[in-house]
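Peer 1: Okay, so the sequence shown: first residue is 1 according to the UniProt record's numbering, each after it adds one.
Be aware that a few hints might be false.
[To be verified] Below are the DSS-like pairs computed for lysine-lysine, each with C-alpha atoms no more than 25 angstroms apart in a straight line:
(1) Lys40 to Lys118
(2) Lys40 to Lys164
(3) Lys44 to Lys190
(4) Lys172 to Lys40
(5) Lys172 to Lys190
(6) Lys190 to Lys40
(7) Lys190 to Lys112
[As the list claims (entries may be wrong)] Estimated spans, in silico, between C-beta atoms of each pair:
(8) His148 to Glu48: 38 to 44 angstroms
(9) Asp116 to Asn96: 18 to 24 angstroms
(10) Glu187 to Leu146: 32 to 38 angstroms
(11) His121 to Leu35: 16 to 22 angstroms
(12) Glu51 to Arg173: 16 to 22 angstroms
(13) Ala176 to Asp34: 17 to 23 angstroms
(14) Leu82 to Leu146: 18 to 24 angstroms
(15) Glu15 to Glu48: 28 to 34 angstroms
(16) Ala41 to Arg83: 36 to 42 angstroms
The set of hints was computed from the structure by calculation and includes no laboratory data. All C-beta atoms in this analysis are idealised placements derived from N, C-alpha and C, irrespective of residue type, glycine included.
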Amino acid sequence: MPVKKGKERIDSSFELPLARSALLAIDVQQDFLDLSPACKAILKPLRELMEAFRARHLPVLHTLYHHGQLRYPGARDTRYCLRGSEGAREPREIRNEFDSYLEKPGFNAFHKTNLDHKLRHHDIETLVLAGLVTDYCVYATALSALEHNYNVVIVKDACASDAKALHASFLKRFSADRMGEVLPSGELLKRLERHHIMHKLEGIEWL
């Protein structure tokens with residue numbers, strides 16, 4: 001007897017802990033935002049996430065990429081994010097002097113940075129990822145975070161790509177393989193509120 005196909009069943013019990021979580025905004029710089037309308041659209045949900053994490057004394061980190069740092073065979077000279085240019089800047093609306101900033105030399109935010117040290121120093125267990133672009137730096141960082149034994153949540157409307165199909169494909173694969181969670185920002189904000197986690201990380205200070 002043929003099995004009737006329907007919507008994929010979602011295991012509601014699969015919910016990563018957020019009590020010791022950090023938000024990482026990856027390469028939200030003007031040149032990458034200008035790649036597509038979808039990239040620009042991440043700013044509103046990302047700003048809301050940042051405000052929620054800061055209000056709960058949960059760390060917010062940013063990575064920045066500058067042209068010329070990434071070297072690999074066959075690399076194209078795209079000249080994105082030239083150091084000191086307007087294209088390399090973060091939008092003013094998401095900057096915050098109390099957040100932590102890291103400069104990364106490639107796709108993976110853990111590679112040749114002190115990201116892992118910062119997270120472990122403050123007992124972070126779950127890394128919430130947002131930024132640009134999904135199918136390069138966000139995905140590379142997500143896989144590396146798993147290898148560093150962190151739980152990973154990717155916020156699907158707070159990351160984007162200039163290729164919508166690739167954005168959707170990478171998130172679908174990440175979710176289907178149960179490597180972590182893929183959530184809309186609204187659901188993540190509700191979960192932060194529901195768990196009442198403010199008191200668990202009060203007084204945290206970042207280097």
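Peer 1: Now look at each hint and say whether the structure bears it out.
Peer 2: Right, here's what the structure says about each hint:
Note on Lys40 and Lys118: the hinted pairing is violated, with a Cα-Cα distance of about 29 angstroms set against a maximum of 25 angstroms. Restraint check for Lys40 and Lys164: satisfied, since their Cα atoms lie roughly 13 angstroms apart, inside the 25 angstroms limit. The suggested pairing of Lys44 with Lys190 holds, with an alpha-carbon distance near 16 angstroms, which does not exceed 25 angstroms. Under the criterion of a C-alpha separation no larger than 25 angstroms, the hint pairing Lys172 with Lys40 is consistent with the structure, at around 21 angstroms.
Simply put, Lys172 and Lys190 have alpha-carbon atoms about 22 angstroms apart, close enough for the 25 angstroms limit, and the pair holds. Restraint check for Lys190 and Lys40: satisfied, since their Cα atoms lie roughly 24 angstroms apart, inside the 25 angstroms limit. With a C-alpha separation of about 34 angstroms, the suggested pairing of Lys190 with Lys112 is violated against the 25 angstroms cut-off. Checking the proposed 38 to 44 angstroms range against His148 and Glu48 shows it is violated: the Cβ atoms sit about 27 angstroms from each other.
In this structure, Asp116 and Asn96 meet the distance hint of 18 to 24 angstroms, their C-beta atoms being roughly 22 angstroms apart. Between Glu187 and Leu146 the C-beta distance comes to about 21 angstroms, which lies outside the given range of 32 to 38 angstroms. For the hinted restraint 16 to 22 angstroms between His121 and Leu35, the CB-CB distance of approximately 34 angstroms leaves it violated. The hinted range of 16 to 22 angstroms is not satisfied by Glu51 and Arg173, whose Cβ atoms lie roughly 30 angstroms apart.
Here the CB-CB span from Ala176 to Asp34 is close to 31 angstroms, at odds with the stated 17 to 23 angstroms. Taking the beta carbon of each, Leu82 and Leu146 are about 32 angstroms apart, not inside 18 to 24 angstroms as hinted. About 20 angstroms separates the C-beta atoms of Glu15 and Glu48, a value inconsistent with the hinted range of 28 to 34 angstroms. At about 27 angstroms, the beta-carbon gap between Ala41 and Arg83 misses the expected band of 36 to 42 angstroms.
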